[in-house]
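Make a model of the complete structure from these sequences and hints.
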Amino acid sequence: MSYRGLLEAAVLLDGSLLAVGYALLATPLRGQPLLGWVSYSGVAFLAGASVVGVILCGLAVAGLRIDPTVFAVVAALLVVAGVVAALALPRAARARVAPASTRPLRSATPAASVVAAAACAGVAAVGILLLADAFRSSPTLDDVWGFWLPKGIALDRLGLDPRLFLPGGSYLAFDHLDYPLWWSIMLGLSERLTGSLDLRVVDVELGVFVVAMLAAAARLLASRIRPAVLWPCLLLLAVAPELHRQVLGGGADLVLAIYLALFVLCGALWLAEGGLFELALAAVFAAAAVQIKTEGPPQLLLFAAVLSVAGWRVGRRRQLGLWLGVAAAFASALPFLVWRQAHGLRNDISLSHALDPSFLAGRTDRVGPAARALGHQLVNPHNWFLVVPAVIALGVIGAVRDRRLLWLAPAALVGVGYAFWIWANWGDTMDLHFRLSTSAYRIVDASVLVAALALPFLVDRLLPGRGEG
Amino acid sequence: MAVVAVALALLAVPGRFPGPIRQLAQHSLNTPDPVPTAQIDVGALRRAARLVPAGATYGVVVPSTDPQLAADVRSIARVLFLPALGVADPSDADWLLRYQAASPVPVQVTRRYELGNGVVLERLRR
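Taken in sequence, the protein lines are chains B and F. In this text, residue positions in the first sequence follow our numbering: the first is 1, and each later residue adds one. In this text, residue positions in the second sequence follow our numbering: the first is 1001, and each later residue adds one.
Hints are all accurate, no fakes.
Some chain F residues judged to face chain B by a derived CB distance under 8 Å, without partners named:
| id | residue |
| --- | --- |
| 1 | ILE1076 |
| 2 | PRO1083 |
| 3 | GLY1086 |
| 4 | VAL1087 |
A few chain F positions that, by computed beta-carbon distances, are all more than 10 Å from chain B:
| id | residue |
| --- | --- |
| 5 | GLY1043 |
| 6 | ALA1044 |
| 7 | PRO1053 |
| 8 | ALA1056 |
| 9 | ALA1102 |
| 10 | SER1103 |
| 11 | VAL1105 |
| 12 | VAL1107 |
| 13 | TYR1113 |
| 14 | GLU1114 |
| 15 | ARG1125 |
| 16 | ARG1126 |
A few chain B residues that face chain F, going by a derived Cβ cut-off under 7 Å, partial list only:
| id | residue |
| --- | --- |
| 17 | ARG157 |
| 18 | SER170 |
| 19 | TYR171 |
| 20 | ASP198 |
Since the hints were derived computationally from the structure, they do not count as laboratory data. Every residue gets a Cβ at the ideal spot worked out from N, C-alpha and C, and that includes glycine.
What follows is the structure, encoded as structure tokens:
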């Protein structure tokens, strides 16, 4: 079994996305030591992938075939633009967008150092294993070869061809025509760069995105959370059985969840600290979330609303910044949304049904089963261990201890995600048992990852000794 | 270095490790092909895909008695046959893929490829 094509595709595609990300981060990171740049690799990769994917989505709507040549030109232009900006902008302008705190916190005791080092090594080992598994596994979710990958291949070979991307003709159009193009474009490019149709490339890409998320979360939290708390919490996420199952499953839900969770993290950091670097990252991550699946935009709005309410004391400037970031993300999706609207493509889940009280009143029997099935996925220790229950419990403990409702913000984020999916299943017309049995395990991903990235904050603030290191 | 060494050892000889750790290195689906629910000869579909040129149209005929098989064959043919285009009506097709099934409508066949396992690809006259 040859892995050469898979490896070449990963190096070419993901290496290019990493290079673009670093070029985009060159302005804020200029002046950092080499290790500082290396520590931003996860952030750079995810930012580069978001921006390149968003631009390629626009070019697909404009009529271009999204092949490796177009990808290479876009990536090269972005690299040049990023480097030129970093070199041309004056120091004062660069300082305004530089990350406020980059120095990782140090462990206060030798024992804490050992715990942090062991957990960090564990995260690294699990990341290596995850990638190796991805190279040796074909995806199990039929959506992958049913529409995600075929759409990408079609965008590469034929472009946004109405014979395949619009219904009603004599040709067999794709399923889920309402879905945006971002993830399909990534998969189409991966497949093309592999040199042959090898579906394992889907798992490889998912593995790379998950490892990048762990690296990005570690980087963004390292200067804010004690290492003896941060690394065990990240290890808990890295070894979650459901994370591995979904990487090998191949669905887009995990990538969407990664971007939504990082949007929440960066949005919360912006509201709390006011750093433009985190605000820019929040907007970039939100832009990808809007363009991966149709459920991205409503979840993004809900999460932003919870952040906004939780940070109601921070002042108008930061609130406005958060919502400008969200608006920019939506604006980046306009080309596809306009194209979709112009061709009369509607959401698979009817919004008019989901907002119609009389329609909903006639199908209340769907609420209970949906709530139970989704709740089971959130709290089942065999999926994500007890990340979600722990976040809720720690939030309550902190709120009681400090008499501050802000502690409950992570639980509220999980709660709105949970309520959104109950509502979506309530207003849906598909057979509920089929819908839940085929999707409940993955549509909760965003809520779980938001909780997983909030967990280190809660633990760090509850444990004694905060501020010693 | 120790972490990398342990990870590589786990990949090389997963059977030597305890069950829960061994699961991290599972690789039972190590194939470039789709892994459908129904039992499908993906190799035969790949052979068929190599014969259908880009831009041609194709129809797929599958047994109506097995919805899972039918859905899996159609979706796998879709990903393998691109950039050829699928059509709903076989009479609109340049090529017809018959997966253990007969054509539902009369077609004029100019060339037939027996691909094994009851999988047949036919070049049609239009």
